[in-house]
Structure formats: C-alpha cells, structure tokens
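The sequence shown: position 444 = 444 (the working numbering), numbered continuously.
These are computed hints drawn from the structure, not numbers from a lab.
Incorrect hints may appear among the rest.
[To be verified] Under the rule of at most 25 Å between Cα atoms (straight-line distance), these lysine to any residue pairs were calculated in the SDA-like manner:
id	residue 1	residue 2
1	K459	L439
2	K459	L405
3	K459	M470
Here the structure is a predicted model, which is why all the values come from computation and not from measurement.
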Amino acid sequence: MADQERDPGAPAGGEWQPSDHGVATGAMQCRVARGLTWTLIDTWGSQLLGLVIFVLLARLLTEVDFGLVAAAAVFVGFAQLFVDQGLGDAVVQRPTLTRRQLDTAFWAAMATGLLITVVGVLLAIPIATLLGDRRLEPIIQVLSVIFVLTALSSIQTGLLRREMAFRSLALRRLAAVVLSGVVGVGMAFAGFGAWSLVGQQIVSALVSVVMLWAVTPWRPSLEFSRQDFSQLFGFGARVVGGDMLNYISRNTDNLLISVFLGFGPLGFYSVGYRILDTSQTLLINAARKLIFPTFSRLQHDPDRIRRAYSRMNRASSALTLPGYVGLALVAQEATVTFFGSRWAEAGPVAAVLFLIGPVLTIGAFSGALFNAVGHPEVTLRLRLVTTVFNVVGFLIAVIVFRDILAVAAAFVLRGYLLLPLNLYWMRVYGGIPIRDHLLELRGVAIATAVMAGAVLLVKLALIGHVHASMLLLVEVFVGLIVFVVALRLVERTLVAEIVGVAAQALPGGMRIARLLRLPMPPTAPRRRGRPPVTLPEAAGEEPAEVDPTGLADEDPDQPLVP
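Given these sequences and hints, build the entire structure.
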C-alpha cells in the first residue's frame, strides 16, 4: 500500500459517496425524523430484548459467574477502545470524506485490532494472577477475538452513522442481540456457567460484522495514506483519550470490588449497574446516536446548534428525569420481580445509582456537543477530572467502608460535584447559557416531583401488604398517570411539541394523533419540501415547524452529504 495523490475511484474533487447513501435531496428535517424512528427501534428494541435475555441468564447463572466475566470485561473493554483509534468518529465528523481516507482508517483499525488481540492473549496470564483467579485466563484469551471483530466493523459503522442510515444499524443490532441471546441462554441451560456470557459476546460481535458488511456498499482497497491517517487520527486520538478516561472512570469500581470485596459482591454490583446502564441506553442513548451526526452537519452554524440542543434537551428531559427518579423509587421491587429474590442485594445498589439521574438529564448531550463542534479535547478534560474523582471515591468506598452501596454512593456524589464544571464548559464551547439551560427544565422537574410524591405514597400504603410484582405494577401505573397529568398542566407547549415530533417520526403518527385528539401544535401553510406540522417556540411567538433538532432552515434542495 502506498500514498497516492488521488483515489481513482472517487468522483471529481476527491470526495466519495456510496451509491445508495448520501445523495437524497429531501428536507433534512424529514431525514432526521426518519432517523429518530429507526434509532428508537434500534435502542429500545435491542435493550428490551437484551434485558429479557439478561433476566433469563441471571436466573440460570450465579453471581460468581457474572463477577468473573465482569472482571475480565474490565480489561477487554479497555483494550477495545484503542482498536479503531477514534477513526470511526472521525469518519462521521469530517465535512468531506474521500475513499482513500476510508481505506486508510480501515487498515489502521485492522492492524491495531490484530496487535491488541495478540497482546490480550499474552497478558491473560498475568492479569488472572493479579486478580488471584486462574479461571480468568482462558476467558480473557477467548474474549480477545472481539478486537479483530471490532476492527472489521468500526469504519462501516461510522460510515452508516455519517450517512444517517439508522435503519441498517438497527437491523444489525437487533439481529446480533437475538442470535447472541439464543446462544448465551442455550449455553447456560447446558451448564456452561460463565462461558455462556463469553459465548454471547463473541456471537454478538460476529453477527454485527456479517450484517454490517452485508448492508454497507463500501469495500476497502489496498491503499493507505500517512497524510490521511494523520488528519483522521488528529481528531480520533482526542476522542479515544476521552473514551479511555470515561471507561476507566466507569469500570474502576468493578476492578476494585473484585480485588477488595470478591467476585460475589461484584456480581450483585454488576447486576445493579446493568439496570442503570440499560435504563440510560433506553432514556438517553437513542437521542445521542442521532445528535452527533446531526450536530456535525451544523458545526459551522452556532445559532442552529444552540436551538437544536435546547429543543432536544427539553424533549428528552420529559422522559429521562421522571424515568431515573421513578426507577430509583421502584428499584428494589423491580430487581426482585425480574431477577428473583436471590438478587435482592442488587436492588439497593440500583436505587442509589439511579439518584444520578438529574445530573445525566442536565448534561445528557454535552459530549456529543463538544465533539460535533470540533472540541473533543473538552470531553477529554472533563473525563480526566471525572476519572480522578471516581477513582478516589471508589478507593475510599472499598477500603474504608468495604461496601458496594458506598461504591454506588461515590459514583453519584461525583456526578453532582462536577455538574457545575460541565455546565460552564457547555456555555464556553457550545454557547449553551447555564441559566436558560436549567430554567427550561423547571416544568419537567415540577411534574417529576409530583410523580415522586405519588409513588412514595403508594409504596408506604402497600409495602408489606402485597407481592413485590404487584407493588411494582401499581407504582408504575400511578407514577405514569400522575406525571402525564402534571406535565400537561405545567408544560402544555412541551407536551404538544413531543406529540408533534412523535407523530412525525412514526409511520401514520399524524393520523393516529388526530384520531386520538392528542394535543398538537397549530399548523401553518405548508412550504415546499416541509411537513405541515408546526409548534410555537415560546409563548406569544409565531408558530414554527415541529423540529426538535433546529434543522428547519435546511435547504430542501441541498444534498445531505457535502
């Protein structure tokens, strides 16, 4: 492979566009609405299916099985961050992209993946010795195969994200979850123990690779450019640095628990954390997947990015804030209901972890914002500070308090201590005013507080008198009804905006909304290439189109990919 001046297969000007992506000329707003539909299918479908599979595995395996794989995953997951070197995100973020840049990114990822696979196999023995359990050695060695599989899929994934081909990504994820779940549960029934979780992860990565190569039109050629690698790596290295610190920050607790408290407590903690992680994916990550490529297209228009951030944050907070607070209140009943009474110790851990919900709601999209506007170094800085605080807090929790609840509390406390810093950097680098950012969430916060009070009253009245599953059902039903009514009273405009966006995103949604007489924003005369649904941006203003991303000004005749 050698450097070349120009890719012979690229169009004039050196830019590359796959034949079936990136050439549509429809309104950007409609593209985002379709992307939101498939992103929700991807995130919610895969997570709900994954949760069902996880519940089945939790009933078939022991806490030690989960603890062993969780300990191995700390090292495997950390090494996995370096495989694509942030080049997948660089593919998404770049304003223009050539075929040669894609080839360069792919071969760089493949070389790194093969190297890290060899290193993982060799380091499995000292890692297992360090943690005092030789059972970890073969688990880490087998899981190291994932590094090559990650390299085979990272650039394809980045390309589909850039083209906003969320349908292909959703189908790939759902297929991987289902097939890997069948393998994992089958192995657990057959008595393979911790190896059931290993098999599940390997099959999931393998299916993802096959699906991605089946739906992606691009194929790598034998080209590599040092100059292109330097440009891509300049952005990607900062992304990897931030991801690395974030990973250390979020996994040091698992490592320290396994060393100081043992694999049993780690199993309980990992189940409690899995509940939080699944909830975070359901409540936030769907929007995050859409926001980064969307904001990247607007990186040269700060006003539209600010408008987009405000609308997305307001709309998502109506789901995330009551979701986290409600789950903190019902975590114990949910754990016993879904996982069984022997996992009851994981309930309090999940309840404490969910208390970080308000922090996650306020700063949900800060990382995507920093990266999209070309400041991944800010994400790196924030994650460095977060890592230091987390490591110190986790060390105090396991050495002084020697309790997994103290570890969970340290995680939550760190979130609140660093929230002001995150808000400050959002204002400096993203142009998001702190006061306005907080005040626009006040209506949702009021409705959430009313909902929390209602759920607590139900808990006090029924606890000890009904089964945990019945108590959970009543709490969820009452909390949902109370929140919807309260939000309708204090945030009429937001409710109408959410209904309007949902109606746009879902096939036939507008017709369903009209039949059910749901609150909808007023309509305005239809303009060329634009949907007719509109909403008032603020009281007393002229109506504007339903557009949670601030993309309503996009030229409908402008190609979506530069």
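Hint check results:
For the proposed pair K459 and L439, the alpha carbon gap of about 30 Å is over 25 Å, so the pair is violated. This hinted pair checks out: K459 and L405 have alpha carbons roughly 22 Å apart, not beyond 25 Å. The suggested pairing of K459 with M470 holds, with an alpha-carbon distance near 11 Å, which does not exceed 25 Å.
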